[in-house]
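Chemist: The lines below spell out each chain.
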Amino acid sequence: MQKLTFPIACLASFIVAFTTPCRAAERSPEILAKEVYTILNRACFECHGPTRQDGSLRLDSREAIAAGGDSGSPIDSDEPQNSDLLRRIRLSKGDEEVMPKRGDVLGKREVNLIREWIARGAPWSDNAAKETHWSYTSPKKPLIPSLDHNAARHPIDAMVQARLEQEGLKPSKVADSRVLARRLFLDITGLPPNPSEVESFASEAAIDMQTTVESWVDRLLNSPQYGEKWARPWLDAARYADSHGFQRDDLHEIWAYRDWVIQALNADMPFDQFTIEQLAGDLLPNPTESQIIATGFNRCAPCNVEAGTDPEENRFNQVVDRVNTLGYVWLGSTLECAQCHNHKYDPFTQKDYYGLFAFFNQSELEADRANPKVPGSIKFIGPYMELDRQEGQRENVEFDAKIAKAKTKLDVAIKKEKPSKSEVQSSSSVRILKPLDFESKSGSNYELLDDGSILLRDDNTPDIDTYSMTIDISAGPVVGLLLEAMTDPSLPGTGPGRGDSARPNFVLTAFEVRAVDSSGKAIEKSIPLTDAKSDFSQDGFDASKAIDNQKDRYGWAISPKFKEPHWAAFHFANPTDLEGTTQLNIQLIQNHGGARSIGRFRLSAIAENYSEAIPNSPTDSPQIAALRKSLATLESQRDKKPMLKTLVMRDIEQPRMSTMYSRGDFRSPGDSIAPHTPAVLHRYESSGSNNRLTLAKWLVSSENPLVSRVVVNRLWLEVFGAGLVATPEDFGLKGDLPTHPDLLDWLAIEFVENGWSQKQLLRTILVSQTYRQSSKITPELLDRDPNNALLARGPRVRLSAESIRDNALAISGTLSLKQFGPPIRPPQPDGLWKKVGGEQYDYQVSPGEDQFRRGVYVVLKRMSPYPSFINFDATARLACRVNRGRSNTPLQALTLLNDPVYVAAAQSFSKRILEEVKTANLDEQLAYAFQLAVARIPNVAECDALRKLFEFEKAARDSSTSQSDAWFAVASAILNLDETITKE
Amino acid sequence: MTLIPNLPIDTEKAIRDRRLFFRRSGLSLGSVALGSLLQQSMEAANNPLSARSGHFPARAKSVIYLHMIGAPSQLDLFDPKPDLVKHHNEVCPESFLEGRRFAFIGGELRLAGSQSTFAKHGQSGHSISSKLPFLSKVADDLCFVHSLHTEEINHAPAQIFLHTGFGRGGRPSFGSWVSYGLGSENQDLPAYVVLQSGPASGAGSSTYSSGFLPSVHQGIPFRSEGDSVLYLSNPKDHPAESRRRVLDAVGSLNQVHLADVGDPEIATRINQYEMAYRMQSSVPELMKIDDETTDTLELYGAKPGKASFANNCLLARRLVERGVRIVELYDSDWDHHGNIDKRLSAKCLDVDQAAAALITDLKQRGLLDDTLVIWGSEFGRTPLAQGSDGTGKKTEIGRDHHKDAFTVWLAGGGIQGGVSYGSTDEFGFSVTENPVHVHDLNATVLHLLGLDHERLTFKYQGREFRLTDVSGHVMTDWFA
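The listed protein sequences derive, respectively, from chains A and B.
Counting in the working numbering, the first sequence runs from 1 upward without gaps.
Counting in the working numbering, the second sequence runs from 985 upward without gaps.
Don't take each hint at face value.
[Claimed, not checked] Here are a few chain A residues that face chain B, going by a calculated C-beta distance under 7 Å:
id, residue
1, Arg102
2, Pro375
3, Ile777
4, Pro829
5, Ser972
[Said to hold, decoys possible] The calculated label-pair distances, taken between Cβ atoms and stated as ranges, are:
id, chain 1, residue 1, chain 2, residue 2, range
6, A, Ser61, B, Val1454, 39 to 47 Å
7, B, Pro1419, A, His341, 16 to 24 Å
8, A, Pro827, B, Val1454, 41 to 49 Å
9, B, Ser1037, A, Asn342, 35 to 43 Å
10, B, Lys1290, A, Ala502, 39 to 47 Å
11, A, Val845, B, Arg1306, 34 to 42 Å
12, B, Pro1288, A, Ser816, 41 to 49 Å
13, A, Glu839, B, Lys1121, 38 to 46 Å
14, A, Ala502, B, Asp1279, 57 to 65 Å
15, B, Asp1274, A, Glu439, 55 to 63 Å
16, B, Lys1290, A, Pro372, 54 to 62 Å
17, A, Ser490, B, Pro1419, 57 to 65 Å
18, B, Val1454, A, Ser816, 47 to 55 Å
19, A, Arg947, B, Pro1041, 53 to 61 Å
Don't read these hints as lab results, they were simulated from the structure.
Positions of the beta carbon are idealized from the N, C-alpha and C atoms, including for glycine.
Pulled out of the complex, with its shape left as it was, chain A reads as follows:
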């Protein structure tokens, strides 16, 4: 492998590049040439370089520039102002003639450099063209500048301040200690400090700021909330969501992966291991359950299960998504262009792309047709793993034991009090009627058992069904019919219903009897029945509803007495109706829906004396009723426990052949291709096998020039609001150059040397003075450096959508810190989940404290994401995103003012104020409320504004509620402050 180095000259050029124009004159021709080459390369070569020469013009060599294009020479060294190149790069964006034609116009500094370059005779550097782009060379440990004063002992501060000195700027003073306490809390745990924490931080900081910050950072990094805050950006990158996406946007279970991320971050799992387990945990030797859960990362790719989708197209798109995501997350590179053709400006070929594609090409299909001939039969089949949760298991065992005990108790009590049910059947006046024929309208299979009962056998119970059969009644007198709904081990949950193993209920919506005439045909009119009785009927589902001639969803049902046999008896209204009839047609109509039909049943004739043969419907004694109730409660508790499973990555046994794809079309496979990594990057070594595991190890090899810089940059971005490289997803030619290349490299090397510890990296940044600066923006700074690229002040950044909600809940005192488990549902407006296609879900707000849990646990349905989060720039997680936008919109105002979640938070907040500072005077109470939200003490103007609001409101409202209304107004105002939703 060619050992790539990072030339010192190049490093120097970055520093020079950001200095003011007055220093530019000091540039050597070589450095000037290199800088201009960098600009031309980024802005011009795509259309005026080796692959394209628009206007017959090429700008990538001395000779080509001299030769010019259709409109002559682009530069005029004698009269630089007349150069066409200079004229066109100075036009404003949108002008017909501006260059570059697409994208941003060149900045002032870049234009000045080109002007100077032309004026100085357009010096050319052949070396520049040969140099490797900075990000593809390994980071080099920089010399830490030693400054005259000893203030900057931390390497970050030394590098940042050296740069500020060059610019003639000074760092800002340290932030107010209360504001700083809040900043630290928000950055580490995503939650605000409580007032006592703020006060102890402030009093400690007054004595020794450095020690105070260090000890609080250490303490907060050990908080279980750290992982919840830092999981959010990673889950954006991993495009984690709780549904498939596309039209059939059904929910799927992969929350165990989300929990894995939180736990791995809390445990400070080294980033190399963090990478390997997520990309290839299943391929590790003897993988643990946790390592397999981690592979959910790959399964977060959206899956199209819309009827009519080609399963192979869906699979192909998912692999594409995995390759693109890998590019953004680990390589800071936009590989996706190379799906269709060689990358236009970065050194990635289409072959490189399908080399990476091949690593991911062996996974199981996630959607396929149940019947290959029926395109509409496509189903989600992606592999799940059942979770072996120690905790959950113990609970299950305990539950089962409790349930068994309750059942025994109940059986004993029943036997004591009541004759056994078989006595009904053994009565001499009842005889079994074996059906002569049987038909299920839905076509279900069945079996006639020796005891005369019919057992339905089918894996897929139809939604509704009607059973029709003929019985012979000629053997003796008949005054009524007995229907037994029976249990059977083959039925779900043993029956007697056949559609639901947890609640094997049935609803007999109608029981109809018709005489069969001599030709064997049932006559139209049914024989009326009366006087229905049963051993048990569900509330509102009495057996009489089966003979009420109402075509509705009601009938005879048996909840909650599942898993035991039941009977119902029906009396003929006029025994004379049967005269001359030997055969009856019986219909069991079960139109309730939801597969509530009987799994096994038997018919008998009641010969005589109906009321004696059939005992009155037994009613439970209070003791039995109580036992039944406790059993039903236990069973429903167990049934409510979610099935613990999670989506995982699994490779197929017979490897697929991997190929190139012409123009990136899944229907145009080309030459076969072996898994390999892009040639421009460090060497890939495979120890025999070529799979996701060897790929993951290659990604986190210490030779990878990109990964440590990319990760460090993302972490910096979360803290400062912008990365040292402002384009965190693109370290390529078109990406921004690092503002502090030396600092970026120093952090990257530190990160790897500290065992890829993300907590250590964060700590390093947070204990610097650079971080600790006040975030106030002076007019001078706003003018000189509106984006704070030079870091002359601390970060001031609006919080993420999730953090805004977490904070409001924390301030109001209602936040639940309960961790992990299935996603939660906070209140949202009705009707948002209604859509075309896919399963229709009833959005039920999570009960109890669950709806007050942190945003990282809020359900994410891709085609209808939680609106309050979307309003604050969260994404639907349809694709990898390493940097959320931050917009500022009226919908954000409406959300904070009126979303019932924030209204409830304001109500709780107002109560909290009154409870916690009941005896204080009004100004103290207002100040306390203000501090709960933003940590600092309000100034006089702020106090006045709050007091004015309180007093106006109190005076204006009805006297009985004026106090609470006024506090609600204050609480609502404070939750809506820009400062409350901003890390200051």
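Let chain A serve as the given structure and place chain B on it in line with the hints.
Modeler: The following block gives chain B in isolation, referenced to the frame of chain A:
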């Protein structure tokens, strides 16, 4: 920090102005009285929705996009094929099927002639099905494009492709691109409004998502149930005056803080709160269609208080009247795999009168010249018979998804009425003349609004993204 990267307005200049303001004012920033002035100056620089001109003079100011979710059959509405009727139920010749993809049908494929009756209408002589009597009357205002084709054959990907130029989620919708390019003419309403009749499309919010553009450019659904805009109403038991007092307090506290920390984001926030407040009156006022005359209500077939496509058409007119740039109407249930004749007739009854009324009404109010109306869907339907619904159950004849040739119509906003563009083969499988790709349609729509689809770009993930990816041709033949 720049919150909105790469705005197509001269931010550098705005920042310069802001600096000048600071200098000229000669006042300390601690002065609260200065707040509103300061705020206006900062706001002007920061507001991504302030109206701006495009790349060249626009022919249309607004777009009303009528999207029929599920894809109506062009063969039964606008593109009659007598040969298909003649060969009805015959096995389709192989030559028509080569290389073609269908979502559902396979095996022996039979041709399916239309059961519709067609007649020629207006001076232009457009052939239109008798299922659409009202639209037939405005035929001369419509430009029919019979040769549109797309890349995707399933609903959600095709809907996303039509709107974002890419078949998977995550990219901005055309409406968001326009909002980003031109801002809004009305600072009391969003630039991009979505109205739905029937359940939301299969692609859900991803067809009006702002993707990687700032979320201020997302399409905002105006709902016919509950709050017309989510979270628009004040909380129960808290009257408007009381909420106004809260807003005033928030405003003055934010101004105090702005004076202290100097971040222009706070100025923007102050103005967004004011716009939110204005929306609380402008949106209900807009949604209140019962102040329209009886004649107008009858023209559309609109009924106040009812959720319908007709009401949405009337609302669309009211929105463009107020300067909203993009209004998109979704109407669902056009996916007729089976029983197409009957179901299509029923759907036409839902939209025919109101769509025609929209053209008539815009015209009589002099708005049609500035408003581009588009009627279309994610793809069309096959000339082949399908006789089953999505679950495989047998039904009367229907049609499968067809991506290779389908019809849209456009009207107003610089479009030449009466034009018929492109044609398809005798059965309607392929385009035989003047093919129009979805990228071409989108390029043309942007062009009519004064935007050059090649120059309307946003840098994201290292690429200058466009709505039209790397293609798209402006269809000047359609222009008035």
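Chemist: Taking the hints in turn, state whether each one holds.
Modeler: Each hint tested on the structure:
With a least beta-carbon distance of about 5 Å to chain B, the hint placing Arg102 (chain A) at the interface is held under the 7 Å criterion. Restraint check, Pro375 (chain A) versus chain B: the minimum CB separation of about 5 Å is within 7 Å; hint holds. Restraint check, Ile777 (chain A) versus chain B: the minimum CB separation of about 4 Å is within 7 Å; hint holds. A least Cβ separation of about 6 Å between Pro829 (chain A) and chain B falls short of the 7 Å threshold, and the interface hint therefore holds.
With a least beta-carbon distance of about 5 Å to chain B, the hint placing Ser972 (chain A) at the interface is held under the 7 Å criterion. Roughly 27 Å separates the CB atoms of Ser61 (chain A) and Val1454 (chain B), a value that falls outside the hinted 39 to 47 Å. Evaluation of the 16 to 24 Å hint for Pro1419 (chain B) and His341 (chain A) yields a pass: the beta carbon distance comes to about 23 Å. The beta-carbon spacing between Pro827 (chain A) and Val1454 (chain B), approximately 44 Å, falls within the hinted interval of 41 to 49 Å.
Remark: the range hint 35 to 43 Å for Ser1037 (chain B) to Asn342 (chain A) is upheld by a beta-carbon distance near 38 Å. A hinted range of 39 to 47 Å holds for the C-beta pair Lys1290 (chain B) and Ala502 (chain A), which are about 41 Å apart. For Val845 (chain A) and Arg1306 (chain B), the hinted distance range of 34 to 42 Å is satisfied, since their beta carbons lie about 36 Å from each other. A hinted range of 41 to 49 Å holds for the C-beta pair Pro1288 (chain B) and Ser816 (chain A), which are about 44 Å apart.
Look at Glu839 (chain A) against Lys1121 (chain B): about 42 Å separates their beta carbons, and that is inside 38 to 46 Å. Under the hint 57 to 65 Å, the C-beta atoms of Ala502 (chain A) and Asp1279 (chain B), about 59 Å apart, fit the expected range. Take Asp1274 (chain B) and Glu439 (chain A): their Cβ atoms lie about 56 Å apart, and the range 55 to 63 Å holds. The beta-carbon spacing between Lys1290 (chain B) and Pro372 (chain A), approximately 45 Å, falls outside the hinted interval of 54 to 62 Å.
Checking the proposed 57 to 65 Å range against Ser490 (chain A) and Pro1419 (chain B) shows it holds: the Cβ atoms sit about 59 Å from each other. The supplied range of 47 to 55 Å is met by Val1454 (chain B) and Ser816 (chain A), whose beta-carbon atoms lie about 49 Å from each other. Distance hint check: the CB atoms of Arg947 (chain A) and Pro1041 (chain B) are about 54 Å apart, consistent with the given range 53 to 61 Å.
Hints 6 and 16, counting from the list given before, are not met by this structure.
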